[in-house]
Structure formats: C-alpha cells, structure tokens
Amino acid sequence: MIVLQVNGLTKSFSGTDILTNVRLEVQHRDRVALVGRNGAGKSTLLKVIAGEMTADSGDIIVPKDIRIGYLEQHTGIDSPLSIWEEMMTVFEPLHAIERRLRTLEGQMADPAVYENSLEYDKVMKEYDALQIEFKDSGGYQYESDTRSVLHGMRFYPEDFDKSVNLLSGGQKTRLALAKMLLSKPDLLILDEPTNHLDIETLGWLEKYLVSYEGALLIVSHDRYFLDEIVTIVYEVSRKKVTKYTGNYSAYLDEKAKNYERDRKLYEKDLSEKAKLEDFIQRNIARASTSKMAKSRRKLLERTEWMDAPDGNEKSASFSFSIERPSGNDVLNVENLAIGYDGTPLSTNIDFRAYKHDRIAIIGPNGVGKSTLLKTIVKKEVPIAGSIKYGTNVQFGYYDQEQATLIGSGTVLQEIWDDWPMMNEKDVRSLLGRFLFTGEDVEKPVQSLSGGEKARLSLAKLMLQKSNTLILDEPTNHLDLDSKEVLENALDDFPGTLLFVSHDRYFINRLATKVIDLSTNGAMEYLGDYDYFVEKKLEQEELNADISTVKAEGIPSATRSNEQDKELRRQERRLTRAIADLEDRMSRLEDEIAALQTELSLPEFAEDHVKLMELQAQIDERQEEHDRKSDEWLSLQEELEAL
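The numbering used here puts the first residue of the sequence shown at 54, with every later residue one more than the last.
Hints should not be assumed to be uniformly reliable.
[As the list claims (entries may be wrong)] Straight-line C-alpha distance at most 16 angstroms; calculated EDC-like pairs for lysine to aspartate or glutamate:
1) K188 with D131
2) K408 with E151
3) K237 with E196
4) K347 with D360
5) K351 with D315
6) K237 with E151
7) K431 with D410
8) K588 with E354
9) K225 with E151
10) K408 with E642
11) K408 with E325
12) K215 with D131
Derived from the structure by calculation, the hints contain no laboratory data.
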C-alpha cells in the first residue's frame, strides 16, 4: 500500500530552483533515506511533504487515513508539564475512552439502568465496542510502551517527575523524538534523528526503527545508522532526486557503477558522433559522395546524443601536516577526576597515549567526554589526579561548539586575524579548498551554517600543523561527503589522534584504540568500534553464564552443558587477552629499539640531560614489558590448565 506519492514537485526560493520535478514514492513498511550535500534541499523536501511548506508546483498524494509524523532537526519540547505528563498527552484519545468506560461502568451499576433492559443493552453494547477499541489501540500497554521508549532515550523512573522546561536542549530533543515514536504515525519522517544521541541510545533507536510497524522517511548523515535501517535511498543532487535500492553502502556502489557505465556510453557516443562529423566534412563537397554525406548529416541532426554524465559535485580538499614530531610518549593520564566546580563527572581515569595512536573516547552523554578533552588541552582544571605530557607535544584542538572561531568578522578575516602574514591570494586559495569560494569569503562568521563553521574550524586546525589532534565530535554538522574527506585527511595524518565521536563508521575507520568512559573510570580496548562491541557482548555473555552456572537447582546435564560453554568462552577470552599482550609487547620492543637507536646518536653524546631522559624512557618501557611478560605467562598457564 502506498502511503506517500510525490509527483513533479518543484520548489524555489527567491527565483532560484531548489528542487525540480521531484518524484518519490513510499510504500507501507518502506525504510527510505534522503541523502545529499548540505543545502541540496533534503530538509526542504521533508517540510513540503509534511505540509510545513508549500510547493510551487507538483502533487503530494497521501491516502485519507494515513497519519504523518514529522520531527525536524533540533526540535525540542517546551512544556510546564513533567516528562511523564508530557508523554501521556500522546494518549489523550485512549484516556477519553478510559473515562467513558468508567462512566459506562457506573451506569451499569445504577439500579435504574439495570432494571431498564433496553437502556442496559444499549450501555452494554457501547461498553463492549469501546473495550475492543481500547484493547486494539494499545490501551493495556501504553504505559509500558512509554516506560520502554523513555528508557531507550535515557530517561529513567527517577526522571519522570522532572519538569520538561528544566531539561537541557539535547534532552528536550531526545524527549521530542520519544514522543514522536510513541505517537506511532503511519509515516514517520525524521530529520537528523541521531543528533544528541550517544552510541548506546543510537543502538536502541536502530533496533526500534527496524521493527517499526509504519513506514520511515529519514534524513541522516550517520552512515552506520543508515546501513542498519534503510532499504531504499533517494539521492537529492543538482535539484533532482534519484532512486537507489539497498542501504547506504549499496547506494554508493550502485552510484559508482552507474557513473562508470554512463561514462563509457558517453565516450562511445562521442566517438560515433565524431566519426559522422568527420565523414560529413570530408565528403559533403564531393559530387560522388555528397548524397551519402547529406544523409549522414540528417542522421547526426536526428540523433539524441547523450549528455555528459554528472560527476561528483565539488568536494573539500585538505590534509593535515605537522611542523615537528612529538616524542614517543604523548600523554600519561593517572587517577584523573574531571568535572566542574569541584563536582566530578568521572573519576579514576587512567590511560596512556603514544605517538601515532588513534584513540576514540566513547561513553554515555553527561559522563564528561568533552570535559576530558578540555582538561587535556588545559581549558579546564583537573579535580584530582595528573596528566603528564610528552616532549614536543603540540595540541591542535577542535571544539564541537566552534568556540575557537572569533566570529566578529568575515570568513577571510577569521583566517587573517590568526595568520596575518599570509597574503590574500593564499588565504583565498586555502578557503577554496574548504568550499569557500567567491563571495563566500566575505560572509560574516556569525551567519555561517553549522557545516560551514565546521569547515572553517578545520581550515584553522590545518594551518596549526600540530602533531597531536584533539577532536570533539569533528563530524557533527558535516554532510556525508565532507565526512569522507575528513576521514581521508585524518587517516593520512602523521601524528597522534584523540577524539570523541558518536559516529561509529568514523570510529571504525580511524580508531586503533577505544576508551569507554564511565563515571568511575575508563576501560581501554585495543581495536575499533566493532571490536569494542564484540568484547562487551562477550563479557556480558560470560557474566550471564557464570550467574546461570552458579544458580541453585539447575539439572546436572544442563549445568554440564553450561560449564562447557563457560570453558569455551574462557578459552576465547584468554586467547584474545594473550594476543593483546603480545601486540603490546611487540610495540614496546619497537619503542625500546627506537629509543636505544636515539640514545646512540652522536649529537647526544655530550647531552647528559637528554641521555638521562632517554634512558629513563627505556627503563620505563622495559618495566612495562616485564610486567606484560609476567601477565602473558600467567595467562598461558591459565589457558593450559583449561
């Protein structure tokens, strides 16, 4: 069943076409994504479909009984009600039925009605019909559904009585999403629903939407999210919309294949056209071949020659270089507590960062991920513990709020204020690489969109040539293409990366370590995001199986089976732990060898301070190597004992 049909839609602003002759269709249970560059018209198309904006021409066809729910990006709820009361407003029709049922129950208990058989039958008939409607509409489970959705959006029973107006902007956005999910429209339209969601909440939302009963139409820049959910992709590009079947990765593959096919067909067309033109030119003047040449000319004029296929739209182009490398030790964080005004957000944080590490910091919202980065770059003061910095470490810091932008002048002045010795041509050339061209460089910084501010911040970061980049949500506000350009630049970066991100695709592409931050510490995983998820699931299974094995009253056969499973899991755990230790010991050996080479350099022969510093670093790594060797031996013995 079709729930939405868009035919020939055209929309323009101030005489400039944004969308032209758009055609789009959504069937019941379809999972549809709209993708495209920032400014391509995705949000405009959603607003027209949702009735928040009118089209210049074309038709939006929605069947009579189809309910559409639309959630704009950055939408929040302002309400004097409590969280629970606000969620209950979604179920006002059910409350009305419930009130009517109570009234009818009172009438049935009235002796006067009971003695009047006609009146009693009438009341009973209405009561039976309302009970069925109440049940079919979820009347016996809406409170349970509400608790489940609120929990998924990280609102817990102790939060239910809080006033909505006291929530932060991000919490209000999550609450608006929760309210929209509970309303269960036939077509759910979501514009950037993953904003303000941490990784755990994203995972819950994916599972919820995969099993959602209605149809979905989603705009999102989260590739992992799109791959998990959508089955149809509409690309908004150059004022038109093109349909692709499959998830986001399938769309990229199909788009590349289509372009390659069209390019070959176009080249074939060009070759045939050139041959015809050449034949006509050589033979039109000859009496013996003139007739044939004129015939070919008619063929040339009648043929509809293929237009050149559209290549990729212009992309940003940049890379990060360093002025001078750091030492092998970059950071040593010990027993750190972070927070504000003496109130800690997270404590007992311990980790080390070495040269060329790519470390992703993840964790729930409010645990202090951004605060940790600010503390590392000395924008905040630790509550307790210490941070030791390595030699020649130069930080380049990207703030997700773009607080590093002065914002009082134009885009051009923003660069010039910090690098006054650059000439205008070089500044314009630099900004052009970040898609600021022509009059764009004269735009006031305060008037820039989120994506434009992000690109300007990255331009300033590139100019710093720092050897250690500290990045707080660097992919926020960037469209999918700009994210890929940033990933490529960071992948080639010769220094050290430490970043906070909720973008799981981004983490998988770059991270060599994942630090899972909680209120009482930080757990380190030597791998990317998928490895982190695998280890977490393995640990949860292990804990669950141990609890089952220890439970009383389990039959002996079942207990034996559970014990076998437990032994296999322990074996996998030990094997992986041993592999992790071997990897770390190998890296330590490389670092020790590099330091020993540096120690023997002639230029340091008379520099006793430097020699002592190098020897101390060698000793420190050797001690860690010895500890890891002892752990490795212990785990090997444990594995053999199994």
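Hint-by-hint comparison with the structure:
Proximity of K188 to D131 is assessed by CA-CA distance (about 31 angstroms); at most 16 angstroms being required, the pair is judged violated. Restraint check for K408 and E151: not satisfied, since their Cα atoms lie roughly 65 angstroms apart, outside the 16 angstroms limit. Only pairs whose Cα atoms come within 16 angstroms are accepted, and K237 paired with E196 is accepted, the gap being roughly 14 angstroms. For the given pair, K347 sits about 24 angstroms from D360 by alpha-carbon distance, which is inconsistent with the 16 angstroms threshold.
Proposed proximity of K351 and D315 is contradicted: the alpha carbons are some 25 angstroms apart, above 16 angstroms. Between K237 and E151 the CA atoms are separated by roughly 20 angstroms; this puts the pair beyond 16 angstroms, and the hint is violated. Proximity of K431 to D410 is assessed by CA-CA distance (about 20 angstroms); at most 16 angstroms being required, the pair is judged violated. With a C-alpha separation of about 66 angstroms, the suggested pair K588 and E354 falls outside the 16 angstroms cut-off, and the hint is violated.
Taken as a hint, the K225 and E151 pair is broken in the structure, with Cα atoms around 29 angstroms apart against an allowance of 16 angstroms. For the given pair, K408 sits about 15 angstroms from E642 by alpha-carbon distance, which is consistent with the 16 angstroms threshold. Between K408 and E325, the direct Cα distance comes to roughly 57 angstroms. Violation of the 16 angstroms bound is thereby established for this hinted pair. Our distance criterion of 16 angstroms between C-alpha atoms is met by K215 and D131, whose separation comes to about 13 angstroms.
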